[in-house]
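Its first residue numbered 36, the sequence shown is counted upward by one per residue in the numbering used here.
No lab work stands behind these hints: they were computed from the structure. Incorrect hints may appear among the rest.
Pairs of lysine-lysine residues, derived as DSSO-like cross-links and limited to a Cα-Cα distance of at most 27 angstroms, are as follows [claimed, not checked]:
(1) K130 x K45
(2) K74 x K61
(3) K45 x K69
(4) K128 x K45
So the derived label-pair ranges between C-beta atoms look like this [as the list claims (entries may be wrong)]:
(5) V84 x L126: 38 to 48 angstroms
(6) I50 x K128: 33 to 43 angstroms
(7) T134 x L86: 41 to 51 angstroms
All of these numbers come straight from a predicted model, not from anything done at the bench. In this text, a Cβ means the ideal position worked out from N, Cα and C, and glycines have one as well.
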Amino acid sequence: MAQKPDVGWKIFAGITGMAGGLAARKSLELIWRKGTGRKPPVNPESPDVGLAEALGWAVLIGVGMEVTRVLVTRLAVRQWEHTTGALPAHLAKLKDELTND
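All chains, please: the whole structure from these sequences, using the hints.
Here it is, written out as structure tokens:
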């Protein structure tokens with residue numbers, strides 16, 4: 036059975052994730068405005084938004100947010116390990132399992 040992350044890690048990861056997500060969203064909106072000259076669509080599902088615009092925004096926001104999530108999580112793990120001297124519990128257990136196989 037997998038070990039659950041401890042409370043400290045959950046709080047730290049949650050805060051860094053939210054901060055990274057907010058920064059990424061603002062950055063992606065800026066990129067969209069600079070590239071298209073318009074604000075991003077508020078509701079890409081609306082029939083008032085062209086299909087190309089809706090798909091373009093969906094791809095940009097989807098890829099951008101996922102890349103941000105991976106980067107922020109990796110940075111958070113690195114900082115956690117630097118601060119505590121150990122990986123978060125769930126990652127330490129996974130590492131042990133992988134090295135013992």
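Given the hinted pair K45 and K69, is their Cα-Cα distance within 27 angstroms? Answer violated: K45 to K69 is near 36 angstroms, above 27 angstroms.
Status of the given 38 to 48 angstroms range, CB of L126 versus CB of V84: holds (41 angstroms)
Agreement of K74 and K61 with the hint, judged by alpha carbon distance not exceeding 27 angstroms: holds (12 angstroms)
Check whether the Cα positions of K130 and K45 lie no farther apart than 27 angstroms. Distance ~19 angstroms between K130 and K45 Cα, so the pair holds.
Supplied distance hint 41 to 51 angstroms, evaluated on CB atoms of T134 and L86: Once the Cβ atoms are compared, 49 angstroms apart, the range 41 to 51 angstroms for L86 and T134 holds.
Could you check the hint for me, namely that I50 and K128 are 33 to 43 angstroms apart, CB to CB? With Cβ atoms ~23 angstroms apart, the hint is violated.
Need the status of pair K128, K45: alpha-carbon distance at most 27 angstroms? holds (16 angstroms)
In this structure, the earlier hints numbered 3, 6 are contradicted, and the remaining ones agree with it.
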